[in-house]
Each structure stands twice: as structure tokens, then as C-alpha cells.
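Chemist: Here is what each chain is made of, one letter per residue.
2 protein chains.
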Amino acid sequence: MPTVTATPAKASQIDTKLILPFINSVKSVLKMMLGVETKIERPRVKSVPGTEYDYSGIISFSGNIVGTVVLSCKKDTAIKLVERFAGSEVPPDTSDFADALGELTNMITGAAKKDLGAAASISVPTVIMGKGHMVARPSDVPCLVIPCVTELGEFAVEISIKTV
Amino acid sequence: MPTVTATPAKASQIDTKLILPFINSVKSVLKMMLGVETKIERPRVKSVPGTEYDYSGIISFSGNIVGTVVLSCKKDTAIKLVERFAGSEVPPDTSDFADALGELTNMITGAAKKDLGAAASISVPTVIMGKGHMVARPSDVPCLVIPCVTELGEFAVEISIKTV
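Going line by line, the protein sequences match chains P and D.
Per numbering that gives the first Met the number 0, numbering of the first sequence is gapless, rising by one per residue and ending at 163.
Per numbering that gives the first Met the number 0, numbering of the second sequence is gapless, rising by one per residue and ending at 163.
It should be emphasised that the hints constitute simulated quantities derived from the structure, not laboratory data.
There's no promise every hint is true.
Stated by the list, open to error - Taking CB as the label site, the calculated pair distances span: (1) P:T162 to D:D75: 35 to 41 Å; (2) D:D139 to P:S46: 32 to 38 Å; (3) D:P91 to P:S87: 38 to 44 Å; (4) D:K161 to P:E51: 31 to 37 Å; (5) P:L19 to D:E36: 32 to 38 Å; (6) P:G116 to D:V35: 44 to 50 Å; (7) D:E36 to P:E40: 49 to 55 Å.
Heads up, the beta-carbon is just placed ideally off N, CA and C, and yes, glycines get one too.
Work out the full structure: start from the sequences and follow the hints.
Modeler: What follows is the structure, encoded as C-alpha cells:
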């Protein structure tokens with residue numbers, strides 16, 4: 000019988016040097032690819048899997064940096080982000096919609112990775128589509144939620160990475 | 000404006016040598032950790048993000064093997080799997096529940112990785128909790144769904160990896 004209860008992560012375990020590249024990459028990718036300004040709200044530590052989203056793009060790090068980065072939003076926002084990104088309307092819950100949201104997640108994470116300057120690699124994106132789902136990481140890995148506000152709607156970038 | 004339409008993957012692109020280790024690891028981990036036999040049904044290629052699940056444990060590969068492995072199931076099955084795994088009832092939609100399902104995904108993927116014999120590393124698990132969500136991968140990466148049947152219910156292992 001395995002032990003499944005992990006020690007909850009503390010805010011102090013989060014390395015702020017790992018966070019800034021993502022704030023910069025979100026702002027620059029959305030400005031460059033979608034032509035929108037992004038206002039970053041106060042980041043908060045996620046301790047329980049509480050927030051509900053309709054769409055999540057997930058990318059994992061490995062190498063010198065391990066963990067996961069998730070771009071999550073409600074359906075309305077996802078539809079607007081994807082439409083602006085693809086240049087035309089894309090029906091939600093299709094492969095094309097998932098590809099677009101995954102590629103947006105990939106661009107944000109890829110730009111941040113360059114900035115991190117570490118010998119890390121990132122995975123292909125996985126996209127979750129489903130009204131009101133929650134994203135949980137192992138509770139011993141700290142997770143910082145960065146709320147982002149744009150004219151297309153609000154979304155969150157959840158960063159749960161550490162250097163090894 | 001980026002191109003977001005990828006070429007759909009074909010069944011012939013799936014390397015069966017990459018699949019067998021997962022079939023073996025599912026059977027052995029469930030036998031060893033949960034004491035249940037697993038019947039493997041006929042695998043099928045997933046071309047569109049069609050199947051709906053309530054819980055998904057996601058792990059990414061990087062290194063010589065890249066891609067994603069997802070353990071997905073309905074709520075009833077997830078509750079039974081986690082209860083048997085943890086040795087006692089665990090309330091769903093909690094951190095402990097996610098940790099348990101993530102650890103089960105990790106054990107299955109870790110055992111398969113050893114069998115694959117490749118210089119690959121696997122990420123920490125991400126767990127999605129939400130009724131009727133769909134999991135989508137980039138549509139140019141082939142994905143094989145392995146349906147698994149046990150006395151605790153049915154679940155699926157979705158394998159979307161390739162050697163590089």
C-alpha cells in the first residue's frame with residue numbers, strides 16, 4: 000500500500016527567477032501573435048485544485064528544469080483567443096481548436112524557456128477540453144497562478160516548475 | 000498568422016514496439032498494487048478528441064522518446080481505483096485524490112519506461128478532474144487508445160509517443 004499523501008508545497012519554495020520569463024513571454028507572444036495587450040494581475044499560490052476551467056493547454060519541462068506549465072481559460076476566452084490566433088473562427092472541441100490552443104501554449108512556454116537559459120526541453124502540448132475541469136499537480140510541487148487580463152477575456156498561466 | 004492545421008496522424012505511424020511495454024506495465028502494476036486482473040481490449044487509433052472522461056492522469060516523455068501517456072477513466076472507476084490503491088476511501092476532487100491517481104499513472108508509465116530501455120525521462124504527473132472532459136494531443140502525433148477492463152471498472156491508457 001503506497002503512501003499517497005505528499006507534503007503540501009509552500010510559497011517560499013517558488014523560485015521567482017523561474018516566473019518572470021513566463022510573464023514576459025505571455026505579454027510578448029500575445030502582443031506579437033494576437034495583437035493584444037496583457038495585464039498581469041497579482042500571482043497567487045495554488046495549494047488545492049480549486050479553479051475550474053473549460054480549456055487547458057499543458058506542457059511539461061524536463062532536463063535542468065522539471066514540472067508543468069498550464070494555460071487555462073473559460074470557453075468564451077478560448078474561442079476569442081483561438082479565432083484571433085488562427086485568423087478565422089475555429090469550431091470549439093475540434094482537433095483544429097485543440098491544435099491552435101496547444102500551439103499558443105507552446106509559443107508562450109517556448110519563449111519563456113529561451114529566457115530561462117537552462118538546458119531544459121519541453122514536451123508537445125496536451126489540450127483538455129471540458130466545462131469546469133480542474134488541473135492538479137503533485138501537491139509537493141509548488142504552483143503559482145498568474146492571472147492574465149486582455150480585451151479578449153481573462154486566462155491563467157499556472158507554473159509549477161523547479162530547477163534540479 | 001500561424002498555420003494551425005496539422006496533418007492527421009495515420010495508424011501506420013504507430014510503432015507497436017512502443018505499445019507492448021505499456022500493456023505489460025498496466026497489467027503488472029494493477030496486479031501488484033491493486034490486486035486486480037486487467038483485461039486488455041482491442042487498441043484503437045484516436046484521430047479526433049472524442050472520448051469523454053471524468054479523470055485523467057497525464058505524463059510526458061522527453062529524451063529519446065517524446066510524447067504523452069494519459070490514464071483516463073470515469074468517476075466511478077477512479078474512486079474505486081484510488082480507494083484500492085490508497086487502502087482507504089479518498090474524497091474525490093481533493094489534492095490527495097489527484098496525488099493518488101497521479102502516482103498510479105506514474106507507476107504504470109515508469110514501469111513501461113524501464114521496459115522501453117530508452118534514454119527517456121518522464122515528467123511529474125498532471126491530473127485533470129472534471130466530468131466529461133476530452134484530452135487532445137497535436138493531431139500530427141499518432142495516438143493509440145488501449146481500453147482496459149477490470150473488476151473495478153473500465154479505463155483507458157492513451158499512448159501518443161514516438162522515438163526521435
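Chemist: Kindly indicate which numbered hints from before are broken by the structure, ordering the numbers from low to high.
Modeler: Result: hint 5 breaks, nothing else.
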